[in-house]
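K.L.:
For reference, the chains in residue letters:
There are 2 protein chains.
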Amino acid sequence: MAKITVIGLGPGSILDMTPRARTAIEQAEVVVGYTTYIKLIEELLADSGKQVIGTGMMQEIDRCRLAVEEAAAGKETVVVSSGDAGVYGMAGLVLELVLKRPEKDRPQWGGVVAGVSAVNAAASVLGAPLMHDFAVISLSNLLTPWELIRKRIQMAAEGDFVTALYNPKSKKRVENIEEVREIMLKFRSPDTPVGIVTAASREKQTKVISTLQDFTKEEINMFSLVIIGNSQTYVQDGWMITPRGYENKENL
Amino acid sequence: MAKITVIGLGPGSILDMTPRARTAIEQAEVVVGYTTYIKLIEELLADSGKQVIGTGMMQEIDRCRLAVEEAAAGKETVVVSSGDAGVYGMAGLVLELVLKRPEKDRPQWGGVVAGVSAVNAAASVLGAPLMHDFAVISLSNLLTPWELIRKRIQMAAEGDFVTALYNPKSKKRVENIEEVREIMLKFRSPDTPVGIVTAASREKQTKVISTLQDFTKEEINMFSLVIIGNSQTYVQDGWMITPRGYENKENL
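Here the protein sequences line up with chains A and B, keeping their order. If you use this note's numbering, the first sequence corresponds to residues 101 to 352, in order. If you use this note's numbering, the second sequence corresponds to residues 101 to 352, in order.
It is worth saying that the hints were derived from the structure and are not from the lab. Note that CB positions come from ideal geometry on N, CA and C, so glycine has one too. Careful, some of the hints might be misleading.
As the list claims (entries may be wrong) - Beta-carbon label-pair distances, calculated as ranges:
1) 251(B) x 308(A): 45 to 55 angstroms
2) 245(B) x 285(A): 41 to 51 angstroms
3) 247(B) x 174(A): 55 to 65 angstroms
4) 199(A) x 199(B): 47 to 57 angstroms
To be verified - Cross-link-like lysine-lysine pairs, in silico, DSS-like; alpha carbons within 25 angstroms at most:
5) 307(A) x 103(B)
6) 286(A) x 251(B)
7) 200(A) x 103(A)
8) 103(A) x 307(B)
9) 200(A) x 271(B)
10) 251(A) x 251(B)
So that you can see chain A by itself, here it is in the shape it has in the complex (with noise of 0.2 angstroms):
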């Protein structure tokens, strides 16, 4: 049987993507993938008469079933995500896709190649606000009803955790922010720093260091990465710095 594999492709520069992801991808048939991720990784597959398949964002089901059934029909198959596959991509679909068909028919899992992910991207962007604990929420929807979603943010407000958010705003949902925002501002300092980092590690980079109370009037989109900080999280010169100990912060 012929083996399928999903690779992150880390955060989107092609010097972010490991020599591991990199061999998996030379070495397949069938390469798989949003078009912006194809995009990517397009100097790898420019005349390498690899069949590549890129589908639009909402077709993420039949996008992975595609390739099951290619690697089901023999061909090495790799599917590509951007960041970490493992983290809101598509690792958990396609090892779902595989393990529902009957032993006989079923590709070889070939495993998760594991990328560098947009949070941690993000955060050395904005310098190092993610030294301690942390929480990563995404405030889609789709997938996920807003009350847990909301109690979560409510847990990792009451956790004093560094809390990053995926998905944080888009064009259709405005508002979920904004609570994000307030329930934030019942546990934490109105002045607590929140970074926003937009396509990190591309060609459009931006990065906003703001507060907990300001943030939510920066420009934010399905592209950015958001990071509140802890009840311990500072700025200095423009980076923003979660220091590991609870003790130690002014005696270094």
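Let chain A serve as the given structure and place chain B on it in line with the hints.
P.N.:
Leaving out everything else, chain B in the frame of chain A:
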């Protein structure tokens, strides 16, 4: 002024280190790190003519101070950490030390080169356990009061976060993980899957998938990462999977 850059090497194998990290190391005159991490990149350092400063685990602050001194003295310097240097790594400490210097004596901040984080590497070994909102908590109480760590465990449990534990257990600290188990059991079923990955992506890598009821009976040490599933996580054919949706589990 020379530049100081903090680099995440990824989980262990040189195959998981990004080209950006490799280039930064190649361009450095001085490479500073915990000796175990220095060993991971031996082949990049041998006969390179670089000054290599390796120190023991407990000398973190001294090590970072030394690195900042070298950069301030005019040498291009990199500090290497395993995983992502921005997660419980050296990024924050080095940045803090740079910014504490008077401006005229400050080396240039070369930034953090993000790496594949240990939690992403461990997840890839287990299957796809991290596909939904998650919390990352270190159980080390050297720099954080145990009360706060316990509170965070409680919040993560109550919010049904997939929960990743760094530094889960050491020779001296064996009871905390039992307390985590007890807190989690108040909110989650005893058969919730728990994955334990030790030395992810290194030669001696091991993985175990257990349950919330039983996982503390398994071998867990300071090289282990523990991932506790959420209420939807399941195990099939030895793989741990957290579905992305709360509604679509049954109808892929």
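K.L.:
Residue 307(A) and residue 103(B) were given as a pair; does the straight-line alpha-carbon distance stay at or below 25 angstroms?
P.N.:
holds (21 angstroms)
K.L.:
Hinted pair, alpha-carbon criterion (25 angstroms max): residue 200(A), residue 271(B). Please report holds or violated.
P.N.:
Violated, because 42 angstroms separates the two Cα atoms, which is more than 25 angstroms.
K.L.:
Given the hint of 45 to 55 angstroms, is the C-beta distance from residue 251(B) to residue 308(A) inside that range or not?
P.N.:
violated (30 angstroms)
K.L.:
Under the criterion that the straight-line Cα-Cα distance not exceed 25 angstroms, is the pair residue 103(A), residue 307(B) satisfied?
P.N.:
holds (21 angstroms)
K.L.:
Taking 25 angstroms as the top limit, are the C-alpha atoms of residue 286(A) and residue 251(B) close enough?
P.N.:
holds (17 angstroms)
K.L.:
A range of 41 to 51 angstroms was offered for this pair. Does it hold for the Cβ distance of residue 245(B) and residue 285(A)?
P.N.:
violated (24 angstroms)
K.L.:
Regarding the pair residue 200(A) and residue 103(A), is the alpha-carbon distance no greater than 25 angstroms?
P.N.:
holds (16 angstroms)
K.L.:
Sort out whether residue 251(B) lies within 25 angstroms of residue 251(A), counting only the CA atoms.
P.N.:
holds (16 angstroms)
K.L.:
I want to verify a distance hint. Is the separation of the beta carbons of residue 199(A) and residue 199(B) within 47 to 57 angstroms?
P.N.:
holds (49 angstroms)
K.L.:
Given the hint of 55 to 65 angstroms, check if residue 247(B) and residue 174(A) actually sit that far apart at their C-beta atoms.
P.N.:
Once the Cβ atoms are compared, 57 angstroms apart, the range 55 to 65 angstroms for residue 174(A) and residue 247(B) holds.
Consistency note: the structure conflicts with the earlier hints numbered 1, 2 and 9.
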